[in-house]
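Protein chains: 4
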Amino acid sequence: MLKVGLLGAGRIGRVHAQAITAHPKSKLSAVSDALPEAAKSLADEHGAQARSSGEIIGDPDIDAVLIATPTDTHSDLIEAATQAGKAVLCEKPVDLDLQRAIACQRTVAAHGQPVMIGFNRRFDPNFSAMKAAANAGEIGQTELLSITSFDPAPPPVSYIKVSGGLFRDMMIHDFDMANYLMGDVPTVISAVGSSIVDPEIGKAGDVDTAVVTMTYADGRITVIKNSRRAAYGYDQRVEMLGSNGLLQAQNMLENTVVKSTSDGVVGAKPTYFFLERYMPAYQAEWAAFVEAAVSGSTVPVTLADGVAALAMAEAATRSAGSGGPVRMDEILKPVAK
Amino acid sequence: MLKVGLLGAGRIGRVHAQAITAHPKSKLSAVSDALPEAAKSLADEHGAQARSSGEIIGDPDIDAVLIATPTDTHSDLIEAATQAGKAVLCEKPVDLDLQRAIACQRTVAAHGQPVMIGFNRRFDPNFSAMKAAANAGEIGQTELLSITSFDPAPPPVSYIKVSGGLFRDMMIHDFDMANYLMGDVPTVISAVGSSIVDPEIGKAGDVDTAVVTMTYADGRITVIKNSRRAAYGYDQRVEMLGSNGLLQAQNMLENTVVKSTSDGVVGAKPTYFFLERYMPAYQAEWAAFVEAAVSGSTVPVTLADGVAALAMAEAATRSAGSGGPVRMDEILKPVAK
Amino acid sequence: MLKVGLLGAGRIGRVHAQAITAHPKSKLSAVSDALPEAAKSLADEHGAQARSSGEIIGDPDIDAVLIATPTDTHSDLIEAATQAGKAVLCEKPVDLDLQRAIACQRTVAAHGQPVMIGFNRRFDPNFSAMKAAANAGEIGQTELLSITSFDPAPPPVSYIKVSGGLFRDMMIHDFDMANYLMGDVPTVISAVGSSIVDPEIGKAGDVDTAVVTMTYADGRITVIKNSRRAAYGYDQRVEMLGSNGLLQAQNMLENTVVKSTSDGVVGAKPTYFFLERYMPAYQAEWAAFVEAAVSGSTVPVTLADGVAALAMAEAATRSAGSGGPVRMDEILKPVAK
Amino acid sequence: MLKVGLLGAGRIGRVHAQAITAHPKSKLSAVSDALPEAAKSLADEHGAQARSSGEIIGDPDIDAVLIATPTDTHSDLIEAATQAGKAVLCEKPVDLDLQRAIACQRTVAAHGQPVMIGFNRRFDPNFSAMKAAANAGEIGQTELLSITSFDPAPPPVSYIKVSGGLFRDMMIHDFDMANYLMGDVPTVISAVGSSIVDPEIGKAGDVDTAVVTMTYADGRITVIKNSRRAAYGYDQRVEMLGSNGLLQAQNMLENTVVKSTSDGVVGAKPTYFFLERYMPAYQAEWAAFVEAAVSGSTVPVTLADGVAALAMAEAATRSAGSGGPVRMDEILKPVAK
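Protein sequences, first through last, are from chains S, F, W and L. Numbering of the first sequence is given in full-length UniProt numbering, commencing with residue 1 and proceeding in unit increments. Numbering of the second sequence is given in full-length UniProt numbering, commencing with residue 1 and proceeding in unit increments. Numbering of the third sequence is given in full-length UniProt numbering, commencing with residue 1 and proceeding in unit increments. Numbering of the fourth sequence is given in full-length UniProt numbering, commencing with residue 1 and proceeding in unit increments.
Accuracy of the hints is not assured; some may be wrong.
If chains are identical, the list can't say which one is meant, so a pair holds when it fits in one copy or spans any two.
Quick list of in silico lysine-lysine cross-link-like pairs, DSBU-like style, CA-CA up to 30 Å [to be verified]: (1) K131 to K25; (2) K203 to K161; (3) K40 to K27; (4) K161 to K333; (5) K25 to K40; (6) K3 to K40; (7) K27 to K3; (8) K25 to K3.
Think of the hints as simulated: they come from the structure by calculation, not from any bench.
Chain S extracted, bound-state conformation (with noise of 0.2 Å):
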């Protein structure tokens, strides 16, 4: 049974809180937050300790610790816990600052604890399907990804203004997507943004609605389209072009019913937003880490991935601001010094 402490009590902190409580060889010890009472409110709910973050990574009953504080505290965490000796998941983005993640991802390295970013769509079954359906050469060679991916609606203004902006808290899931299914990171990022939805998140330095094109060394293209809103709910869709054929993952459904009137045929919309969507993916998600942490096997989403997508984050942002293509390797020359 995988001792595990939570820290971070938030909205995406019960939804882990959930899944571990769930996985029959996991059980929640602790659960830290910067309110006490959150902290203290779930780990009542499930049979645990309100304790402090430091608490938690310095005792030596607990496995694992899994990360879902704000996000400018996810590098030093990572790094106290895998000096502690623990197994990692954390919330995506791994930081803000590319230099700062390259530091804890060089931090970690020497202490080969295992690190797992949570980029949890991996773990969707469409995506996974999508996946298994193009390494098995079911569309021959690919070509063209597409990637779709719409908010319901933008988040406070208050919010965007801390969040890195667009690309690296939003678009940062999408990057990873395409360096998961096409199985490469991409050599020039060009973006173009613009903050149509609300001109408040504009004055606030940020975009709303983006196309981002990706050209790879091979040849491949992906692009990606984000919208802080799409007013039928949460837009999630994926498309790859292969030689022999075309993938595509559609949107999950609220459900089946269809109605038919004189006024057309309706459907019902797709599932409302990431947690409709995506528990049953952080519930893999979360089966996947305990079977590494377990095991001992490699975590299926490294720190590196998470390191990879916030280097195109970066990228993409630059991009934006010049208007220019950017690439890749000029991101990452820094830092190879």
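On the provided structure of chain S, position chains F, W and L as indicated by the hints.
For chains F, W and L alone, kept in the frame of chain S given last:
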């Protein structure tokens, strides 16, 4: 060039006139109608002559006759035209009176002229693709056929009164579709019906909603559902279960546009009614008739097919009245004498 | 916390055990089974005790009993458990013998304990969304209901022999669905059946393919299609025609991935069988039972609902034998005495 | 009756000949082609005369000229025909040389004759339904347009070499579609391209897979994806995100038959290529031209539309070469002088 006389210049007559003119190997020579102005107007549009049906049938220059007159004239006109050596395409049903239809069939047999019955749905590209797939064994042995056939709106009660009733007027298409797809006629027919759409239809002695179940000598089953009203348009679907799978022919839609809003995901309605849905089928039907008439090959839908469907309508009408199953051999027994 | 005794540790018992444990307000206390090891194994997994059914029913600490034993024990166990003051959730069907079920219903009425019958499909989110839409008048007055219900593969003939036959074992779910969606029981039932999937099923006196037509006092009609085999998986679809439109509940699919190649456009199959399709429904069913048991409100599916569906199965069985329609009041007449 | 001279008797010329003959208000009078036998054969089929293009343009009895000759002759023929007082429908693109096209536009402006460019997709019933819905405000303010346009198979490399390249030959349709649906031309265009389908295409200096991103003065964005190969047929989809929802125009399918077996649920492929998909659009295009030519109203797709799409192709070609964004005003600057 097949020279064609068209008897009947009503709505369906106009549909056929168009198909005759559009076909490279046929030409509309003459049109008749009980209303001489209707005949003249349609003839003028196609550079044809308005004549009486007697003149048309008697003219040795005319090769083929298309009968689109009221049902009670069909048998007489089929007999006269075949006696005069014409190839005949006659709209369904052959007759409302089964005995009269059978007598007609015998008369025609004596002359040896081709008589094709206008079961246009056999020429719908969806249903014929389904038939081809079933014949190719793509779902193994067929077991259970379901036909859904709803009109968009009921005809006037005045029409209902002279129509011969839902089974002879509307479901006769579905009886023929069952014969076409199952490659056999059933042995027992059970029907239930109701006038739930419009009580006036009930007062006129007819039903507007009906379900018919048919069993075959080899244990297969067909079920047909009819309604005189579907608020969303013309609903024409067929599905066939076999030992290895299911075939479904779905509705054709007005267009492929889908709109997703906070109200749901809305697609287009089915094409409205038989003219919109089956125009390509009417053209394919005429092409098949021309091919048979010119080459001397057998017509793909025979007078015997028309009589079989009419006998099934007769059985269903009786069953809906009595509530009990009706054997097809009882329907055909007096005929056999 | 509702303390629950589970009678029966077979496949469906295991499904229920999971739902009981997962629910925050219920706890699995004890498990019984004719095979003691089966009871022990399941009890161990859930931290419960393996006991005899008599001990469970006799234990005043146990609040509710879930009956998942062979059908021929249902009536006795329902009576014993309600006599002992338990709330009861019993798997369908109530009994294979309609008279016995009715006697049970009378006995239970005397005790006043809640007895819910496990028609899990009422809790399927698709069917309940459909019911809600129909009740809200979204398609006007309902007229014609169609239920398609195909199992992926037939059970062994040994099971068929003790099952009570297709109408009592399989279609009973659809009879209940019709009662649920139409809000009424039919007056006349006609059935045809065939053993076309497997002749051995015919030799065992049962059918494997059947169509049932039911008419209601107000002229509405329901048609149900059953097959013991669908090569593509579990086919569970419902459609309802009303004066203003059509509602359809379509199959749930294994995933949303669509592959387009030169062979066509291929989507996933329906979820395989009842465990895959209806797991959320079993959970919702249990939640509804707990809610009723704890609050004292009426259970949403009553013993009377179970008896009604059984009477319809009886009528269909007789109709399939005789070939003629069977009136529901004839089925219930001897009972009324 | 509009008397029409057709210049060019190749594949697309034959498509137009059919539409001209089928239209009740137009008549094919004469056909020219560089290969006299091709002109004669097509003319014979339609009861027209084979003549030289000079004779056709010079014949005062001919009212309109349809130009379906090789692209490098378009500008000269447009100028000659308008000078001779004809109404002109010219296939796309206007020219491969933007400056020549602009010069042609000026010459034509002097004569005042109607010149329509053959962007047939504007007349596709799906795209025009989408445009109508967007114009009616059904998705609020438009924000993000996506066009997917894949051909079933690449043309021979010999064709590629004279085609002007993917952006001028293939994507020009999508540039026009964007102008049509967005009601504006973009300010900046970025393109990436690759010859991943066939390296020979790359050696010929062209790309076969490309993504173009376009931004507008008001912050809206369009993304266009092109591939010369889709193993499943002609893929022609458009989607438009707006403040209140999404509009999608999906592919038209060969038929509506769906087959479910143990291998999955298989539907028909998209209609194969542009003749199959856009035949109704060619007919509607011709009808719109006849309407404008006869009534003197403005043609629905002007020479200016043709020049705008060509300028966008020029910008995309330059961007794909340099890797950086290209401003539309730089493309048009030399022209403005």
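How the hints compare with the structure:
no.	hint	result
1	K131 to K25	within (27 Å within a copy, 40 Å between copies)
2	K203 to K161	within (10 Å within a copy, 48 Å between copies)
3	K40 to K27	both (16 Å within a copy, 24 Å between copies)
4	K161 to K333	within (28 Å within a copy, 39 Å between copies)
5	K25 to K40	both (23 Å within a copy, 21 Å between copies)
6	K3 to K40	both (18 Å within a copy, 27 Å between copies)
7	K27 to K3	both (5 Å within a copy, 23 Å between copies)
8	K25 to K3	both (9 Å within a copy, 25 Å between copies)
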